[in-house]
Every structure is written in structure tokens, then in C-alpha cells.
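**Q** Protein chains in written order, with our numbering: chain U, 1 to 193; chain L, 1 to 279.
Any given hint could turn out to be false.
Reference listing, derived: stretches of chain L covered by chain U, where coverage requires no fewer than 3 residues with Cβ under 8 Å from a Cβ of chain U [said to hold, decoys possible]:
no.	segment
1	34 to 40
2	214 to 226
Output of the computed footprint for chain L on chain U, the stretches with three or more beta carbons under 8 Å from beta carbons of chain L [said to hold, decoys possible]:
no.	segment
3	66 to 73
4	88 to 95
5	174 to 187
Hints in this document: simulated from the structure, not taken from any laboratory. Heads up, the beta-carbon is just placed ideally off N, CA and C, and yes, glycines get one too.
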Amino acid sequence: MKPRIAAAVIGASAGGIDALLALFDALPAPWRLPMVAVLHLPDVRDSRLCDIFAQRLTLPVREAADKAPVAAGTLHFAPPGYHLSIERDRHFSLSCEPPVLFSRPSIDVLMASAADAYGPALAGFLLTGANEDGAAGLAAIHAAGGLTAVQDPREALVGTMPRAALAAHRPDAVLALRELRDLLVQLDADHAP
Amino acid sequence: MPHTSAAPPSTTDIELRLLMEAIYLKYSHDFRDYTGASQRRRVLHALGQLGLPSISALQERVLRDPALFARLLQFLTIPVSEMFRDPAYFLALRRQVVPVLQTYPSIKVWVAGCSTGEEVYSLAILLREEGLFERALIYATDINPASLEKARQGIYALEAVRGYTANYQQAGGRQSFSTYYTAAYGAARFDPALRANVIFADHSLATDSVFAETQLVSCRNVLIYFNRTLQDRALGLFHDSLCHRGFLGLGAKESIDFSAYATRFDAIARAERLYRKLA
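Make a model of the complete structure from these sequences and hints.
**A** In C-alpha cells, the structure reads:
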């Protein structure tokens, strides 16, 4: 049996805003599971991502800050233009290393570092997107014993990213957004003490 | 709370720690308090590039081969920079810092962790346009000798430099950006006069001490690679170096809020990460 999930990391690209809004739709309160998301955006300079989600969600939404702790019950977004990692002490760190697969922030970077930090207690979600970022990261979560879930490429607005993930490893779940959301709710329920 | 405890160190973690200890003992370069995840990525990337099977194998080679260490150093540091990165920072410098600097008969500026020099030339251009360049001395420091050499040369890829033009304009630039460089063979060579008052020097925020009193310290996207202990050390150096009410500029996503120096500076432009020393 897998240990209880202590955090969820989520990656999305093209079509990602709508997909994430569906994934986080009407999450029950109180929400405890920390969530960390990378969403690729065309304009890295000025992101109102946190505002967009804060207006539509009841849980706290914050841009992940360097050396700040991964906070319970909070949705964190990677800041535009920086790679986001989770350290072993479960604090965030930022970096300006070169883009990975043309992406900064990179889903692979977040997921691989989170897999190191959480091991089997991590859940990774990969949603719609037009590139192959996230496939290696999700495989790293799987290799560390974590739970992996991929949006059904037939449902995804752009199926390239989920398909790349499916080519890299066999995830624990391939589901439509609605079911991915239910899985997230289940993970939070199991996570709660 | 068994589920929130940090994971035990993996073999890779142990190897990384031993490697950094070996580098410190052998070469006095101190990477021991660098942030873990980024360092791990860079070392693993270096393994692939250097054709070595493990971090332990890398350690064995590094201990015996200074040339290999010089190559590894290029992987351990992050030579990614651009000119007038975060234009709002430079605009805030012009509007809120320059008027104060103009009251000094001479000024010293420290660009800490200058990497390949893009920010040094950006500041030199800004100071020249504000009439401060003649009375300014800029210390540009880094731990990577190859980066410092590139900074000294001031030659960058022309395509990249053209991309900085918009940054320069948004930063309040007053000229045509192309007046500052000559283009040839795909390279942009910056006006050597811009570095007439620049001292490029090897300096480590991890092991060296303060070397001058300064009015402005600009250290951007360097502290993110440090853990909190090392961040506090670096901020302590800046605080010691700065004159009474001197200015400190950090990277757009860096902050002193989580540091031991949170109450030793006040923010004069919080969004642009411009701070001023408190007594």
C-alpha cells in the first residue's frame, strides 16, 4: 500500500488555465493538501495567474516564493521566468537555469525535485499541453514510488503532453478532468488526519 | 507528524555533500551552502557532459585534476544573464536611487555575482546617462574566472543584444541602444569606455569579506542559489559594505523577508526589490 500523499504537483501548458480551473472546481473545505502547479504561459513578464485563480477558487492561491515553505491547503504557482524546485526540507527554491524543453518554469524540474523531496508521498498530475515537458518529471515521480495521473489525451485540448507522458511510463491513472478532480479530493481526504 | 518529515538523504545527496566538501578543501570554493535541488541538477548535468559515471567518480577526478575542476566550475555556476533584465528595476534605480547618488561627490557600486557582465554594462550605461559615470567606481565580482573574463571583454551575441533593446527602452533608456555597441560578425562589442571605471575581481560571497564602502549594491538572482545561512552571510556583507542609508537591489523574486536582515533594511520599492540600509 502506498503511503498517504503529502503533496500534489501539477503541470499544464496549452489549454491549461481552463483545465486547472476544472481540476480545482469546488474542492471541499477545509482543504489540507498542498498543491504546486507549473503552467506555461506565453508572456513570462507579467503574470496574473494567481489573481485569476484566487478569484475563482476558495482555497488560498500564492506565487511560490524562494525559501518559503510548501504550505498546507494552498495552491502555489511557479513564478514566470524561473524554475521552481522543492527542496528536501519542503521549502521552495527558484532558479534562473536555462529553459528545459524551451520552458522556464519547467514541469520536469518541479516534478523531479518534488520526487526527491517527497518520495512515495507525492502525487503528480499532467494535463493538456503542446510540448513534452512533464513526461520525464512524471516518470521520476513514478520511479520514486509516487502516484501519477495523466489527463486522457482524447479529452485534453492539446494531447501532446499527456501522450508524451504515456510514452515515458505507465501512469497509475489516465482520466478525464472530472475524474482527476475526484482523485484529488480523495487524496486530500486520505491526507487529512 | 511522520508524513511531513524530510526524506532521509539518498546516496546522491551523500555524494553531493562529499563532493562539495572535497571541492572546498582542495580549491577553497565553497558550494556547501548552495541550494540543493539546483546544485543536484547541475552536477548531474555535468556528469553527462564530462562523461563520468557517478558523482563519486567525479569527486575522485576533481581532487586530482585542477583542469577538470575548472570545467566543473562552469557547470556549478549559472552564467545566465541579460541586459536590463526586469526593466522596472532599472527604472526604479533611475527615479529613486540616482537622485540620492547625485548628492555624493563620488560613488562606489558593487555588482555582486556579476557573472558574464550583462548587468555591469547595463548599470554603466544607466550611470552614464544620469551623469554619474565619471564619478563612479563599479566593483564587478564573481567566483567564476571564465565568466569574469567574458565580462571584461564585453562581447555578446548580437541577436541576444538586439533582444535587450526593448528592455533598455522600458528601463528609461535615453539613447538608441545600438550607440553603445558595435556589431560585427554576429557579435556586439560594447564600448570599452563603459568599463573604464569598472574593476572586475574574484570575490566569493561564501568565503570572502567586505572590501570597500559602497553606496549601491546590486546582487540579482544570486541569493536564490544560496540556502538561508549563506543568504544571511551575503546580506551581512552587503549591510557592512553599504554606507549610511546605502541602497541594495535584489532580483525580482528575491526578498530579505525570510532573512536575518529583514529589519535591517527598509523597502523603498518593494515590487522592484530596492532596499535601503537602516542603521
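**Q** If a hint holds in the structure, say so; if it does not, say that too.
**A** Hint check:
no. : hint       : result
1   : 34 to 40   : holds (count 5)
2   : 214 to 226 : holds (count 4)
3   : 66 to 73   : holds (count 3)
4   : 88 to 95   : holds (count 6)
5   : 174 to 187 : violated (count 0)
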